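*Asks:* Produce the entire structure from the sequences given, and follow the hints as far as they go.
Below, each chain spelled out in residue letters.
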Amino acid sequence: MPQTDSTGAGLLEPPKLTRQDFVSDQTVRWCPGCGDYSILAQVQKIMPDLGIPKQNIVFVSGIGCSSRFPYYMNTYGFHSIHGRAATLATGLKTSRPELSVWVVTGDGDGLSIGGNHLIHCLRRNLDINILLFNNRIYGLTKGQYSPTSEMGKKTKSSPFGTAEQPINPICVAIASEATFVARSLDVDPVHLSKTIERASKHKGTSFVEIYQNCNIFNDGAFEEFTNREVRSDRMLYLEHGHPMVFGKNHDKGIRLNGLEPEVVTLGQGGITEKDLLIHDENAPEPTLAYLLSRMDNPEFPVPVGVFYSVQRPCFEEVIEKQERDLTARLGSGNLEKLIRGSETWTVS
Amino acid sequence: MSTQAGLKAPQARVEELETVVIRFAGDSGDGMQLTGSQFADTTAIVGNDLVTLPDFPAEIRAPAGTLPGVSGYQISFSSQDIRTPGDAPGVLVAMNPAALKTNLSDLDEGGILIVDTDAFTPQNLNKAGYKSNPLHDGSLAGYRLFEIPLTSLTLRSIGETSLGARQATRCKNFFALGLVFWLYERPVEHTEKWIESKFKNNAEVARANMAALLAGYNYAETTEIFTTHYRVTKAKLAPGTYRKITGNEATAIGFVAAATLAKRPLFYGSYPITPASDILHELSRYKNFGVRTFQAEDEISAIGAAIGASYGGALGLTGTSGPGVALKSEAIGLAVMTELPLVIVNVQRGGPSTGLPTKTEQADLFQAVFGRNSECPAAVVAPATPAECFTFAIEAFRLAIRYMTPVFFLSDGYLANGAEPWRIPALADLPRIDVHFATDKATFMPYRRDPKTLARPWAIPGTPGLEHRVGGLEKEDVTGNVSYDPINHDKMVHLRAQKIAGIANDIPELEVFGKDSGRVLVLGWGSTHGSITTAVERLQAKGEPVSSAHLRYLNPFPRNLGEVLSRFEKVVIPELNLGQLRLMVRARYLVDAIGLNKVQGKPFKVAEITDKVEELLRGERHATN
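Going line by line, the protein sequences match chains A and B. FYI, the numbering for the first sequence is 1 to 348, going by the numbering used here. FYI, the numbering for the second sequence is 349 to 973, going by the numbering used here.
Among the hints, a few may not be true.
[To be verified] With a cut-off of at most 25 Å between alpha-carbon atoms, the simulated PhoX-like pairs for lysine-lysine come out as follows:
1. A/K337 with B/K546
2. B/K541 with A/K337
3. B/K611 with A/K337
4. A/K154 with A/K194
5. A/K54 with B/K541
6. A/K16 with B/K584
No wet-lab data here; the hints were simulated from the structure. In this text the structure is predicted, and so the values were computed from the model without any measurement.
*Replies:* Written out as structure tokens, the structure is:
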């Protein structure tokens, strides 16, 4: 389908793009073995399938290892300052709603210094995508604890262990009135690309937490449940409309006991799939999503996939509508009238 | 019942005056700002020149009747061209003892003092700290005191009403306004219309206010309490169509004009802060001009969004006061590094920290010029009058776009809230703002500079083939790739500095008011213009060898500034800070400039400047004798 180029230059037939078209000429400078490589590869891989002209895609980031991301994407990119990517994205998307805007952030950038912006960006629900790489450590500054580091974690800045309860990104997103909340992981490229693709198609702010291994400062942070050997027993792949079943032999499930989830074994004590929780991303209230977000290793399998997905008007759409309505009522702004104001007098 | 100003009671004598200064003072709940601005509107329409000085507390409603709760509005109006709200009021309307106590020392000796006697209760006198009632203890003997029971007369004029006692009492400001309208021969029609439209959904409130207004007018006319009323004839202003405008209004519509001239949408990111919030209120109404406003979660988000909008090709604007600029500094550095157009409005207020939120000051000059990490140059402009806020809003964006740079627009609380008549410019006389977006794939390099301006190209998302990355890391010259090369960094620091310095070739030379050379040059910037010019005019009328010059560009300075300074024996710089421009001028030009500094949250009085200059002239004479 022909598209109008936003500069007004004319009609363009979008060329058939490949993954290679999204690889920039910059050398990738992440540490060898970093989980960021996998995320970059998946994003570059799905880009051609989105059908968006390359010039209309903008990656915005803050500061941190993850925030180098835009340099490696052959799209428009803005590597901004620590924690503020969401603010730049907000201004850009509000003034250029036709652009596809992506925010790449990390657990420090997005939840510590930029926590305030993340909250407000989510509740405004601009039609943008936020990818939060969570490695539970500060990598770029060489190994201090982050707001998602587990309580008691020993790091360079917490030699005796942290004294802080970590924050849960999914809970934050839900509490911030996000309309799309998902989680994926660097070591499952298939799930990751599917999740990012779904996020990009969501109308509204999509929030994806990506478990990402920092092999230098926090190696194996997620190993306990992401290791291939144990993954199916310790992770729960959420699927909309399906009962929550997991385990190598598909024999375990999640059942609701009062207001608490519990792990049950199918076939034991007469339990069948009918007794299990059915995943519903589109539930009007995020109660189920929140309940899932609190499930953590080792007591529960760690859920990944889309927790929550609902529709709500986007900030920029509401603004555009107000603009259209006012223009319909008053006509396009007349500068001369504006300058004259309501009362004038003349000196001759 | 007659309401026509033309029908005067036969017994009142008319006296013609050139300039009158009135101050309305009362509790912050008494509606003094409204009373003052209504008086100013009518005064503008009858054709006087005018300057206003609203002065209100930071508390929305401090405890009633207390000294911190006093709110005032001063207006000077004249048949001549005037530039200041007057050093001292000749008329003081004091709605309660606290207002009397805080304002009396400013009133001219022998000035007119109108008080609401109903408010001089033992309780209110006590709250204001009066040991005895000043109305009875002879302490007001030096003034022409008019004791009027404004509250009870107001209630009587309203008569039977469904309004509660408190609401009915609140109409007393309109009674006072009516009274002063008569005293200075102003018509009531404008305020009548205002009341009708303001309270169109509340007929009883409209009726009560209207009744109070007319009763005040008629009271003054028919009682013999005032033997004289005063006439200030139309000012001889330059021919043209005028409107009344405040600095914040002029700032807001100036930016709309800039966007219209540039044919680009305006994006305003802001977080509410006194005294800049009115700009946000005003701009948020102009959606049909393509203005998009964003009330951000904080100051940083406000500027971040503005930078994002600029990156996308809109005119990115953020507005705040000093504390907000402090929070924005890192992001301003980002805009300097990414070389994007951006305007930062700072409506300066008293500081440091939260300081004096509603009072004026000029102490953020260093913050604008230097207040960022590393070598981080930005252009700085400062309008000198409320109306000039319009001109400099356009100028700020002209420079921001032409030089791809952040530009500071330094206003202050006095300019922001003060009003004056403004001769409306013709659209055709407004400057052009040219916007060129890069489109040529073959030649595009993100940091390839225009040889003349040193600006880099503005390449916005959506342009095919120009996909590139920008950011806060140091850029390689021309390519814009990340570079940690020491020689490249040195070059880029110099290039950014040269780009801003080069703006000096694109702005007007500094003009001297008065003779080109002489004993004393009074150099100012920003809102001190009115006081300085009036002071220098007075001194020149006495034949003193004094001139003045006013800087509207603080970074870079006009290219002839050093040369102008060298033509005067002495340079005095009045500033509402401890000498920030003075330090810059001394450092740059090695001129031994003398400071006149005041940080009281108030503009300079004319006499403060004339006194200082006269002292310098005397000193000089002594020295040469």
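*Asks:* Of all the hints numbered above, which does this structure not satisfy? Sort the numbers upward.
*Replies:* 4, 5, 6
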